[in-house]
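One-letter residues, chain by chain:
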Amino acid sequence: MAKKKIVLHYPEERVESPTTYHLVKDFDLVPIILRAQIDENEGTLVVDLEGSPEQIAKGIEYLREQNIRVQEAIKDIVVDTERCVSCGSCTGVCRAGALTIGAQSDWNLVFDQEKCVFCELCINTCPIRAIKVQF
Amino acid sequence: MAVTKTYEEINEKIRRGEAVVVTAEEIIDIVQEEGVAMATKKVDVITTGTFGPMCSSGAFLNFGHSEPPIRMAKIWLNDVPAYGGLAAVDTYIGATEPSETVGMAYGGAHVIEDLISGKTIKLEAESYGTDCYPRKELLTYINKDTINEAYLFNPRNAYQNYAVAVNSSARILYTYMGTLLPRLGNATYSTSSQLSPLINDPYYRTIGIGTRVFIGGAPGYVAWNGTQFNSNQVRGDNGVPLSSAGTLALIGNLKEMSPDFIRAATFHNYGTTMFVGVGVPIPVLDEDILQKAAISDKDIYTSIYDYSIPSRSRPVLGRVSYAELRSGKIEINGKTVRTAPVASYSKARKIAETLKGWIQQGDFYLQQPIEGFSTEQSVKPLEIVAEGEI
Numbered sequence: 081m082a083k084k085k086i087v088l089h090y091p092e093e094r095v096e097s098p099t100t101y102h103l104v105k106d107f108d109l110v111p112i113i114l115r116a117q118i119d120e121n122e123g124t125l126v127v128d129l130e131g132s133p134e135q136i137a138k139g140i141e142y143l144r145e146q147n148i149r150v151q152e153a154i155k156d157i158v159v160d161t162e163r164c165v166s167c168g169s170c171t172g173v174c175r176a177g178a179l180t181i182g183a184q185s186d187w188n189l190v191f192d193q194e195k196c197v198f199c200e201l202c203i204n205t206c207p208i209r210a211i212k213v214q215f
Numbered sequence: 028m029a030v031t032k033t034y035e036e037i038n039e040k041i042r043r044g045e046a047v048v049v050t051a052e053e054i055i056d057i058v059q060e061e062g063v064a065m066a067t068k069k070v071d072v073i074t075t076g077t078f079g080p081m082c083s084s085g086a087f088l089n090f091g092h093s094e095p096p097i098r099m100a101k102i103w104l105n106d107v108p109a110y111g112g113l114a115a116v117d118t119y120i121g122a123t124e125p126s127e128t129v130g131m132a133y134g135g136a137h138v139i140e141d142l143i144s145g146k147t148i149k150l151e152a153e154s155y156g157t158d159c160y161p162r163k164e165l166l167t168y169i170n171k172d173t174i175n176e177a178y179l180f181n182p183r184n185a186y187q188n189y190a191v192a193v194n195s196s197a198r199i200l201y202t203y204m205g206t207l208l209p210r211l212g213n214a215t216y217s218t219s220s221q222l223s224p225l226i227n228d229p230y231y232r233t234i235g236i237g238t239r240v241f242i243g244g245a246p247g248y249v250a251w252n253g254t255q256f257n258s259n260q261v262r263g264d265n266g267v268p269l270s271s272a273g274t275l276a277l278i279g280n281l282k283e284m285s286p287d288f289i290r291a292a293t294f295h296n297y298g299t300t301m302f303v304g305v306g307v308p309i310p311v312l313d314e315d316i317l318q319k320a321a322i323s324d325k326d327i328y329t330s331i332y333d334y335s336i337p338s339r340s341r342p343v344l345g346r347v348s349y350a351e352l353r354s355g356k357i358e359i360n361g362k363t364v365r366t367a368p369v370a371s372y373s374k375a376r377k378i379a380e381t382l383k384g385w386i387q388q389g390d391f392y393l394q395q396p397i398e399g400f401s402t403e404q405s406v407k408p409l410e411i412v413a414e415g416e417i
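In order, the protein sequences belong to chains A and B. Per our numbering, the very first residue in the first sequence carries number 81; after that it's consecutive. Per our numbering, the very first residue in the second sequence carries number 28; after that it's consecutive.
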């Protein structure tokens with residue numbers, strides 16, 4: 081079993097499509113929804129896909145055929161370590177526990193991209209603007 | 028007989044390269060292992076450090092005279108307004124002043140950080156023109172090397188303890204204590220606690236007017252007590268105030284500073300401010316000074332305030348130690364709340380270590396305060412009254 085985190089961007093004509101249903105039924109995948117933001121105009125879904133690597137690849141291919149933009153989530157949030165002063169402000173809004181401070185004795189900020197659910201609250205919370213979204 | 032030392036004796040040891048200097052973190056273990064009496068005999072200086080957002084900061088600048096000269100009445104630095112009410116080419120730029128073109132994305136603090144970094148700054152000025160200063164408009168570019176003086180003068184830095192901020196309301200709050208999540212979703216705090224200058228000298232025995240300090244990566248001085256100096260704050264048995272109390276007005280040469288220890292910041296939907304690095308050496312003159320500087324996070328308490336109540340008198344929701352705060356979670360009204368700092372502990376540690384190195388190398392001597400601070404000064408509120416009611 082493999083696991084892959086992706087971000088799905090739904091265009092207007094696809095917001096009512098039962099895509100996660102098809103991922104489960106047709107591709108034998110287990111989608112774990114980490115964050116969903118959907119209205120009648122567009123939608124964004126952050127999802128962990130669990131399954132065999134082949135089935136994950138097929139599932140992603142299906143999504144693209146549906147005109148749903150699939151983004152490799154891991155590349156999204158970037159911490160500029162030169163600018164960051166490890167104040168820790170961002171850790172206060174990171175419910176997912178991707179940004180932490182103090183677990184190491186050096187009290188430097190640690191970013192675990194695997195845990196990030198792309199809520200993007202850290203972007204504006206960082207007072208020195210060291211956290212950015214990389215497209 | 029109890030050991031006592033003088034500033035002269037300690038400075039002489041520094042001169043000879045024999046002074047024993049430790050940080051306010053290191054002294055905790057030394058006292059535990061060797062006791063107060065032995066540690067007082069052994070250690071000469073304890074260094075402290077803090078690196079956090081300090082709004083009441085800014086810089087005085089003198090640009091020199093143009094040809095023909097101008098009496099600058101309105102001044103902008105990279106589109107950020109600076110004060111024009113001083114002499115012809117003097118100004119003060121405050122850290123929290125926003126840009127007139129991009130708002131709070133760039134403010135006075137960013138101008139100061141850019142100056143320290145050696146970057147070029149656009150200078151614009153307007154005037155009404157006088158017989159001796161005929162020019163009415165000016166547009167030019169400066170950096171820290173082309174102007175005469177550039178020094179930080181920060182009216183309120185290095186708060187002696189500060190509040191813990193939470194938000195009990197249903198909506199997210201954007202404050203100078205960071206983003207506060209609804210329904211007690213997080214709690215933020217902002218001192219370096221056991222490393223913090225005034226927490227290690229709670230009754231200001233060695234920190235007063237004239238004390239030589241580390242500011243922004245350069246040597247500087249305590250110029251005065253800071254504004255909103257509130258030394259009459261409620262204190263614990265160990266003398267440490269249980270919330271915001273004393274403050275320092277600090278001065279230092281901007282041209283010698285480093286962007287490692289001064290960093291511009293924008294608190295979302297609040298405004299710009301400046302992270303300032305401050306370190307203060309505490310001379311070990313006697314056992315009382317050492318014992319108070321050996322305090323650790325578990326014995327330093329602060330108060331939790333609900334920032335969703337828009338009043339200057341917010342109720343205290345409880346008291347917690349910095350050991351609890353730094354553990355990552357505290358309990359408020361039976362609920363476990365995640366904690367996050369606003370100030371950088373790793374930078375505070377670097378400042379205390381840097382200052383320690385300066386003293387050990389004989390590059391920094393201790394200055395006895397010329398005048399001490401009152402321990403009974405309170406903060407006055409501003410009442411809204413009619414002219415005849417005052």
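Since the hints were made in silico from the structure, they are not lab data. All C-beta atoms in this analysis are idealised placements derived from N, C-alpha and C, irrespective of residue type, glycine included. Do not take every clue at face value.
Said to hold, decoys possible - Not everything, but these chain A residues come out facing chain B in the computed CB check (under 10 Å): (1) 123; (2) 124; (3) 165; (4) 173; (5) 203.
Hints and how they fare:
{"no.": "1", "hint": "123", "verdict": "22 Å, violated"}
{"no.": "2", "hint": "124", "verdict": "19 Å, violated"}
{"no.": "3", "hint": "165", "verdict": "5 Å, holds"}
{"no.": "4", "hint": "173", "verdict": "5 Å, holds"}
{"no.": "5", "hint": "203", "verdict": "9 Å, holds"}
Hint compliance for this structure: hints 1 and 2 are not met, and every other hint is.
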